[in-house]
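There are 2 protein chains.
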Amino acid sequence: MGLGSAVLNRDARSASRLLSLIEDGDPRATAELKELYSHTGKSYLIGITGPPGSGKSTLADQLIAHYRSQGLRIGMLAIDPSSPFSGGAVLGDRIRMQRHATDSDVFIRSMANRNWPGGLSQAAGEAVRVLEAYGCDPVIVETVGVGQSEIEVARLAYTTILVCTPATGDKIQALKAGVIEIADIIVMNKADLPDAEHASKSIEMIIGMKPPSSWRVPVVSSVARDGKGIDKVIDAIEAHRRVMESTGTLTRKKLETAKSQLREIIWRKLCETARARLPGDSELEQYAEQLMRGSGDPYSLAEEVVRKLG
Amino acid sequence: MGLGSAVLNRDARSASRLLSLIEDGDPRATAELKELYSHTGKSYLIGITGPPGSGKSTLADQLIAHYRSQGLRIGMLAIDPSSPFSGGAVLGDRIRMQRHATDSDVFIRSMANRNWPGGLSQAAGEAVRVLEAYGCDPVIVETVGVGQSEIEVARLAYTTILVCTPATGDKIQALKAGVIEIADIIVMNKADLPDAEHASKSIEMIIGMKPPSSWRVPVVSSVARDGKGIDKVIDAIEAHRRVMESTGTLTRKKLETAKSQLREIIWRKLCETARARLPGDSELEQYAEQLMRGSGDPYSLAEEVVRKLG
Chain A
12 MGLGSAVLNR DARSASRLLS LIEDGDPRAT AELKELYSHT GKSYLIGITG PPGSGKSTLA
72 DQLIAHYRSQ GLRIGMLAID PSSPFSGGAV LGDRIRMQRH ATDSDVFIRS MANRNWPGGL
132 SQAAGEAVRV LEAYGCDPVI VETVGVGQSE IEVARLAYTT ILVCTPATGD KIQALKAGVI
192 EIADIIVMNK ADLPDAEHAS KSIEMIIGMK PPSSWRVPVV SSVARDGKGI DKVIDAIEAH
252 RRVMESTGTL TRKKLETAKS QLREIIWRKL CETARARLPG DSELEQYAEQ LMRGSGDPYS
312 LAEEVVRKLG
Chain B
12 MGLGSAVLNR DARSASRLLS LIEDGDPRAT AELKELYSHT GKSYLIGITG PPGSGKSTLA
72 DQLIAHYRSQ GLRIGMLAID PSSPFSGGAV LGDRIRMQRH ATDSDVFIRS MANRNWPGGL
132 SQAAGEAVRV LEAYGCDPVI VETVGVGQSE IEVARLAYTT ILVCTPATGD KIQALKAGVI
192 EIADIIVMNK ADLPDAEHAS KSIEMIIGMK PPSSWRVPVV SSVARDGKGI DKVIDAIEAH
252 RRVMESTGTL TRKKLETAKS QLREIIWRKL CETARARLPG DSELEQYAEQ LMRGSGDPYS
312 LAEEVVRKLG
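Residue numbers (the numbering used here), protein chains in the order written: chain A, 12 to 321; chain B, 12 to 321.
Incorrect hints may appear among the rest.
EDC-like cross-link-like pairs, simulated, lysine to aspartate or glutamate; straight-line CA separation at most 16 Å [as the list claims (entries may be wrong)]:
| no. | chain 1 | residue 1 | chain 2 | residue 2 |
| --- | --- | --- | --- | --- |
| 1 | A | K45 | B | D308 |
| 2 | A | K265 | B | E296 |
| 3 | B | K53 | A | D308 |
| 4 | B | K45 | A | D308 |
| 5 | A | K280 | B | E315 |
| 6 | B | K265 | A | E300 |
| 7 | B | K280 | A | E315 |
| 8 | B | K264 | A | E315 |
| 9 | A | K264 | B | E300 |
| 10 | A | K264 | B | E296 |
| 11 | B | K265 | A | E283 |
| 12 | A | K265 | B | D308 |
| 13 | A | K280 | B | E314 |
| 14 | B | K45 | A | E314 |
| 15 | B | K265 | A | E315 |
| 16 | A | K45 | B | E296 |
| 17 | B | K280 | A | D114 |
| 18 | A | K45 | B | E315 |
| 19 | B | K280 | A | E314 |
| 20 | B | K45 | A | E315 |
| 21 | A | K280 | B | E283 |
| 22 | A | K264 | B | D292 |
| 23 | A | K265 | B | E314 |
| 24 | A | K53 | B | D308 |
| 25 | B | K264 | A | E300 |
In case anyone wonders, no lab produced these hints; they're calculated from the structure.
Sequences and hints are given; from them, build the entire structure.
Printed below as a string of structure tokens:
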């Protein structure tokens with residue numbers, strides 16, 4: 012039995028193995044993903060992002076505990092785009108989540124940046140499919156940091172939570188441009204710290220400047236460490252989900268994700284074809300010698316070579 | 012008159028303008044570079060690399076002063092691969108070099124990382140061509156830091172100088188793998204600091220482990236700030252240049268550079284062609300809808316699409 016079928020049969024080791032193939036950019040993953048695909052696309056995807064130290068993992072941990080209490084099987088991907096090594100920055104998070112470690116219905120996996128051929132969002136998108144096929148619903152995607160890669164990964168999620176703390180304070184203005192754009196819910200965590208109320212108000216002001224739409228981004232206060240405010244976060248997720256479903260935004264979002272994944276896969280295939288057409292080393296050497304003799308320039312020569320390739 | 016011709020006529024503003032086009036990845040640069048190409052490839056390229064704070068710019072400044080005293084026209088590119096903004100980290104260097112600022116025979120330019128279509132080394136290679144066409148010989152390429160991009164840029168140079176200080180000390184072991192490989196001359200700068208001799212000896216020991224070749228990498232002590240040891244650095248550059256020329260290594264190096272530049276240009280053209288073949292948005296939308304209806308998977312669909320493209 013292939014890995015794909017084994018994942019559909021809820022075999023944890025096969026899921027782990029397939030995720031490793033994806034993480035390594037191994038082409039053997041494709042055949043397995045083909046097999047899974049029709050069994051995916053139905054789980055709800057929750058994104059958690061925010062600056063380091065804001066308490067994303069603690070919040071994720073609380074959400075997992077909540078969904079487990081409802082008897083759901085939960086998947087979680089922790090993605091660190093800045094680290095080329097797996098298990099480094101996120102190892103701490105995994106340790107913190109030890110209370111779920113022996114629970115076979117909680118599948119937690121960290122992925123680090125490995126120069127994937129299709130980019131981080133492609134690899135993350137494929138990893139989500141595996142967790143869906145393994146029967147996880149919801150799937151939580153946590154990204155470390157607030158850079159461009161994180162924003163791309165967050166786009167995969169249907170409901171994206173931005174976790175801030177009062178300490179994020181003045182940096183909020185800087186966050187505004189990219190991250191607040193993608194947030195559906197903002198959690199002001201560590202709300203027991205001084206200035207929490209002021210910080211929440213600042214964020215609400217920024218949100219107030221957004222054009223009105225069917226969803227008004229709520230700012231929810233929490234102290235994730237103590238489980239305070241988690242119920243309000245859950246309520247906000249459910250409310251956002253209902254709006255996404257009733258307005259057709261969810262369907263639209265899934266369509267957009269499918270489109271961009273398809274574009275990425277086609278692009279990768281076209282690149283492979285292009286790479287195969289590159290002249291070999293000895294042919295290049297002849298051209299280079301021609302240039303060194305003072306005949307022509309590399310731009311015109313390249314045009315000629317590509318024209319000959321047809 | 013085009014920019015290319017104006018650069019060949021030694022018009023500084025045109026050289027500056029063409030470098031900006033290259034820095035911006037503007038396709039209009041290509042026609043100008045075609046025009047320049049046959050007038051380039053003759054200047055001697057000196058690379059300076061090393062950790063931040065080692066005194067690279069001060070050394071470059073002294074080398075410029077030396078070559079100016081010989082009546083040569085000098086070009087210098089300061090490249091900061093880590094910064095997406097121009098003029099930031101290297102602004103200080105340019106200020107330090109103010110003594111050359113009003114000298115029309117010294118052309119200093121900083122370039123920062125801008126996601127160039129052909130990569131950093133491609134853009135740096137093109138910028139070097141412009142300085143050559145402008146009549147600069149030698150051209151100094153200074154890179155900030157010691158990462159992979161710096162190593163690629165350093166490969167452009169015929170003689171690469173690695174600048175260390177006694178403070179680099181224990182990090183030398185870490186530098187060993189990549190940077191010492193590409194160094195033709197090692198300058199132990201700030202040699203008036205304690206432990207300078209010990210640090211030089213450590214580096215000599217590492218160099219001693221390299222297989223013997225026609226060039227034995229010297230470790231030269233300097234206090235660039237006071238102009239001490241600069242004559243020995245110049246001597247080492249000249250000695251290395253003579254070996255490069257007499258053994259044919261220089262010709263080989265130029266051929267390798269031409270090959271890799273040509274490969275890069277052809278690859279870029281093939282990618283452009285591939286990009287033009289990507290299905291349009293409405294076609295992708297139809298495919299995505301097909302996937303959403305549960306028919307097929309994106310991998311098989313992509314294969315089909317690419318096959319149809321022929």
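Hints, one by one, checked against the model:
1. This hinted pair checks out: K45 (chain A) and D308 (chain B) have alpha carbons roughly 6 Å apart, not beyond 16 Å.
2. Taking the CA atoms of K265 (chain A) and E296 (chain B), the gap is about 11 Å. The hint holds against a cut of 16 Å.
3. Using a Cα cut-off of 16 Å, the hinted pair K53 (chain B) and D308 (chain A) holds, with the two alpha carbons roughly 15 Å apart.
4. Between K45 (chain B) and D308 (chain A), the direct Cα distance comes to roughly 6 Å. Compliance with the 16 Å bound is thereby established for this hinted pair.
5. Of the supplied pair hints, the one linking K280 (chain A) and E315 (chain B) holds, its CA atoms being roughly 11 Å apart against a limit of 16 Å.
6. A C-alpha spacing of about 10 Å is found between K265 (chain B) and E300 (chain A), which places the hinted pair at or below 16 Å, so the restraint holds.
7. Between K280 (chain B) and E315 (chain A), the direct Cα distance comes to roughly 11 Å. Compliance with the 16 Å bound is thereby established for this hinted pair.
8. In summary, the hint linking K264 (chain B) to E315 (chain A) is not supported, as the alpha carbons are separated by about 24 Å, beyond the 16 Å threshold.
9. For the hint linking K264 (chain A) to E300 (chain B), the alpha-carbon distance of about 12 Å falls within 16 Å, and the restraint holds.
10. Distance restraint check for K264 (chain A) and E296 (chain B): the Cα-Cα separation of roughly 12 Å lies within the 16 Å cut-off, and the hinted pair is therefore satisfied.
11. In summary, the hint linking K265 (chain B) to E283 (chain A) is not supported, as the alpha carbons are separated by about 29 Å, beyond the 16 Å threshold.
12. Distance check on the hinted pair: K265 (chain A) and D308 (chain B) sit about 14 Å apart at the alpha-carbon level, within 16 Å; holds.
13. Using a Cα cut-off of 16 Å, the hinted pair K280 (chain A) and E314 (chain B) holds, with the two alpha carbons roughly 8 Å apart.
14. With a C-alpha separation of about 12 Å, the suggested pair K45 (chain B) and E314 (chain A) falls inside the 16 Å cut-off, and the hint holds.
15. Between K265 (chain B) and E315 (chain A) the alpha-carbon distance is near 22 Å, which puts this suggested pair outside the 16 Å criterion.
16. Between K45 (chain A) and E296 (chain B) the CA atoms are separated by roughly 20 Å; this puts the pair beyond 16 Å, and the hint is violated.
17. For the hint pairing K280 (chain B) with D114 (chain A), the CA-to-CA distance comes to about 52 Å; that exceeds 16 Å, so the pair is violated.
18. With a C-alpha separation of about 14 Å, the suggested pairing of K45 (chain A) with E315 (chain B) holds against the 16 Å cut-off.
19. Restraint check: the Cα-Cα separation between K280 (chain B) and E314 (chain A) comes to about 8 Å, which is no more than 16 Å; the hinted pair holds.
20. For a cut-off of 16 Å, the pair hint linking K45 (chain B) to E315 (chain A) stands: about 14 Å separates their Cα positions.
21. As the CA atoms of K280 (chain A) and E283 (chain B) are separated by approximately 14 Å, the hinted pair is consistent with the 16 Å bound.
22. For the hint linking K264 (chain A) to D292 (chain B), the alpha-carbon distance of about 15 Å falls within 16 Å, and the restraint holds.
23. For a cut-off of 16 Å, the pair hint linking K265 (chain A) to E314 (chain B) is broken: about 21 Å separates their Cα positions.
24. Among the hinted pairs, K53 (chain A) with D308 (chain B) is consistent with the structure: their alpha-carbon atoms are about 15 Å apart, no more than 16 Å.
25. For the hint pairing K264 (chain B) with E300 (chain A), the CA-to-CA distance comes to about 12 Å; that is within 16 Å, so the pair holds.
Comparing the model with each numbered hint stated earlier shows that hints 8, 11, 15, 16, 17, 23 do not hold.
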